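**Student:** For this one, chain E is given, so just place chains W, X and R on it according to the hints.
Protein chains in written order, with my numbering: chain E, 1 to 285; chain W, 1 to 285; chain X, 1 to 285; chain R, 1 to 285.
Note that these hints are calculated values from the structure, not bench results. Note that the structure is a prediction, hence the values are computed from the model and not measured. The reader is advised that the hints may include incorrect statements.
The list treats identical chains as one, so a pair stands whether inside a single copy or across any two.
30 Å max Cα-Cα, derived DSBU-like pairs, lysine-lysine [stated by the list, open to error]:
| # | residue 1 | residue 2 |
| --- | --- | --- |
| 1 | Lys89 | Lys65 |
| 2 | Lys45 | Lys8 |
| 3 | Lys20 | Lys65 |
| 4 | Lys96 | Lys8 |
| 5 | Lys89 | Lys44 |
| 6 | Lys89 | Lys20 |
| 7 | Lys44 | Lys20 |
| 8 | Lys44 | Lys8 |
| 9 | Lys206 | Lys45 |
| 10 | Lys206 | Lys8 |
| 11 | Lys206 | Lys44 |
| 12 | Lys87 | Lys44 |
| 13 | Lys206 | Lys87 |
| 14 | Lys147 | Lys96 |
| 15 | Lys161 | Lys45 |
| 16 | Lys161 | Lys87 |
| 17 | Lys8 | Lys161 |
| 18 | Lys44 | Lys65 |
| 19 | Lys89 | Lys8 |
So the chains spell out like this:
There are 4 protein chains.
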Amino acid sequence: MRPGLILKLSSPDHPGIVAKIASYVASHSGNLIEFSQFSDQLQKKFFARLEIDTSNLNVDIEDFKSGFGTLGRSLQATWHFRVLPYKMKTAVLVTKTDHCLNEILWRTGLNELPIEITSIIGNRGNCRQIAEQAGLPFHEIDMDGDKREAGFQQIRSLLVKQNVELIVLARFMQILPDAFCQEFSGRIINIHHSFLPAFIGANPYKQAHVRGVKLIGATCHYVTADLDAGPIIEQEVDRVSHFHSPSDLSRLGRHCERIALAKGIRYHVHDRTIIDGHRAIVFPD
Amino acid sequence: MRPGLILKLSSPDHPGIVAKIASYVASHSGNLIEFSQFSDQLQKKFFARLEIDTSNLNVDIEDFKSGFGTLGRSLQATWHFRVLPYKMKTAVLVTKTDHCLNEILWRTGLNELPIEITSIIGNRGNCRQIAEQAGLPFHEIDMDGDKREAGFQQIRSLLVKQNVELIVLARFMQILPDAFCQEFSGRIINIHHSFLPAFIGANPYKQAHVRGVKLIGATCHYVTADLDAGPIIEQEVDRVSHFHSPSDLSRLGRHCERIALAKGIRYHVHDRTIIDGHRAIVFPD
Amino acid sequence: MRPGLILKLSSPDHPGIVAKIASYVASHSGNLIEFSQFSDQLQKKFFARLEIDTSNLNVDIEDFKSGFGTLGRSLQATWHFRVLPYKMKTAVLVTKTDHCLNEILWRTGLNELPIEITSIIGNRGNCRQIAEQAGLPFHEIDMDGDKREAGFQQIRSLLVKQNVELIVLARFMQILPDAFCQEFSGRIINIHHSFLPAFIGANPYKQAHVRGVKLIGATCHYVTADLDAGPIIEQEVDRVSHFHSPSDLSRLGRHCERIALAKGIRYHVHDRTIIDGHRAIVFPD
Amino acid sequence: MRPGLILKLSSPDHPGIVAKIASYVASHSGNLIEFSQFSDQLQKKFFARLEIDTSNLNVDIEDFKSGFGTLGRSLQATWHFRVLPYKMKTAVLVTKTDHCLNEILWRTGLNELPIEITSIIGNRGNCRQIAEQAGLPFHEIDMDGDKREAGFQQIRSLLVKQNVELIVLARFMQILPDAFCQEFSGRIINIHHSFLPAFIGANPYKQAHVRGVKLIGATCHYVTADLDAGPIIEQEVDRVSHFHSPSDLSRLGRHCERIALAKGIRYHVHDRTIIDGHRAIVFPD
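Isolated chain E (complex conformation):
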């Protein structure tokens, strides 16, 4: 990852907004590597992501960031800076299946995902071995029956203690408490094993088989208190037929899941997503 700065911004749409932002960057000798913008004509909103090479910056990077406040406020914007290179502290929550976890570990090893995995948390022990082989701490937290509330308290404590910035539900088969969703709002990514909004809820592959669909899918989305309805980051599909049993669909779907999840995490950790109500604006790479 190149050294530099990423700026994410959303605001009401105004004429001249690109000029103002780009001029601020140029006036401090920042060099725009990438400038993605979206003017939502229906909502009159402006969204942008800038990647700035800061090697010739004529001020301190912290001064550059704080100096932007005057402009940002005048635009009534919400914005966020990220200094590069960085690695996002990430916790991965799992239950039994390990394909999504494996994919995350593999891509992290290849530097496709700039994350630092602080812990792998399972409400079952199935993924312990994989975690340990990767040299990562594994926390088994029993959440069955009346241990659920205490379990989430324990997870919460761990996440707070480790300053976790991203929580990935990598086929974690527990519904998160509302308070948990709110506390970590915009920082929890889930992979749902269907092409949402089709097949909300349990056993989507079985539902898909009964319905006889010709394509199955997976959806990577931010988690909100509204189950399976959070902003969608990425979706993948694969072609299937009557020939495929529910377990075939599950096998084929695994690949949709790991690809959609890996892309979704990648977009998030590279600050390529902006949550806009029920939607996610995504500037893909």
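**Tutor:** Same frame as chain E, but now just chains W, X and R:
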């Protein structure tokens, strides 16, 4: 299309069923060009489609068909023969948009769809010119408000009089009466402008935009009295982003619609589909 | 199409270039609807496309365009303005098959392609009827054997007389003379019926069948004197199998062809392409 | 994997061939689970794959196999039986990159690939750790410069000693000697990192970048002495743009590679492929 015979069959699954059917064909010097079968292990059902070259048949083709009855009954099968070449008498129902109608006309002209279009029926006049340029009769039938019931009576009469075997709803924006669905059961194909079962009902592209999906789709299905829930024949998807307005989704979706519909009709008229409850078994080419 | 202005620009990459361009626009009260840029880090080049709402412009649009010259020259840029709405004068060249022509006519009718078709030119008469039904002049120009050179002279005269800005080879089965390619450089779009650079030359579907590929494709590209090697604008693929004969591949390939060609034309006429040597930079919508 | 028998067969096409084969199976109380056939009308050849449930077989399975000889010979067929369940002894050859190896290990662990990995052989040591963590023997064989011939002799000895049935080149960056290709003909599977026949040879991603293609791909094929020209089993593509540097293409291509290779191996080990000259007939699941 090659001269010959297509046999479609479904039955309880038995050992020896392929041998019996293939032996019947061989004993009369039919030559199997294509043999597709599916043994549903969950339901213990057998489905097959055979394409038979009959040029060396040692009996009359009608005798071949009726002679199959003994075997078919012993297998407790449901079966259907189609003598090739043939063209299926087809009515196309439309409202305003013409892209699906155009696609059908174009593919029919290229001999991709062995159909004979007996009439084009619209509850608006928008498609009249296209129909007439193609040299096809156009029937405008007003179905607004309290004319709906009479309108469907008129359509029904026309279909019966013309011995129509297939009714294609090519973006026909009227809900069919239950009795109509039942009378023509298995012979009505619709194109729904979403990836079913997502976005059932009206304005799926608007729903898709609000939900911020990353893929849109179209679904070709048999029509049943249960709206948007009939057996799915084919589905197509296309990638979209926040960048696309509802009207962009509608533009991109048009191409999914025409492709899914054209494939769905093709599978049906080549007897490549077998309806099995809520599902369609499809042997694609 | 919205009224306004499109600016396409390429230049050496400099810090501050986005700020300068956006400030020029803002200083004249233009509103950026869309700003796509690409900084090629390998070649140190900058490419951009801007779509500007000019409804509040504080100068005359011609003054705005000419006033940009000072900035453009200081950036050592090459640039191009397009005043919206506009329709690009387009000639379509065909031989026998009509599916690409049909697609262009259909999409033009739906306002997906802002073009004005000035003439349809065929070295066979097969597409005459389609042209005439669409109310468009059809020119049949014999190019067989030693009539080839005179034929291209005739085409050239027609194109020049009609001020044609875009020449679409919609399955035109003649190799263009080098001088013709050069004269209309950057203004000729072809559809090649393979996934280039695989299967260059004649009969790509037959080649694909012999080779037993599992995917076939089509490539829309700018035409240069170097046959089948011009800058690629768009490519499409479809899955095939041993089951498909060369004529099946041809049937399936038709749909890749019309989709790739229609997208390629769309990108060109919306000024979403910038030719960069052997490549085309494409900012898709 | 279900207990049973797979029969793969190719022969000249005759009327009655399906009846004869299916009758043979039925006469011994075998139950056809799956029957895939392909009658190549151009070459007048017949190809079939049968999956037979043998739980009620009325003869010994070896007698069933040998008894088929009379019929097989009368059909002038080439055929092959596989008794299920089985695991194919497989050697994986690697050089530096590990993504294809990882994918094979992961899918083997999930029982998607019924193989037994007898050894992992590398001409570099990069994949040693992965092999050892998976509890598999790793053989590092130096093949640089004049050690190449001796290296291939060493590999050959190992493969013969271990009765290896399948050799997977999982991004093995050495060209196999002709004699080696011949000795293990039909048992060597390679993954090529381009959409063959485009970009044969070295550095396909760099070639793809220079050419500005809009889709990149990967091809899984049988290895023959004719480099990159062996029968294709599976191909995958992914969409790319000018935005992607050669290293981005390489990153995106990795996923095409692992998916195409895993599918290709799966088809091979489930006896879903029949090599027919330069092509592979594939009956996918």
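**Student:** Looking at the structure, which of the earlier hints fail to hold?
**Tutor:** 4, 5, 6, 15
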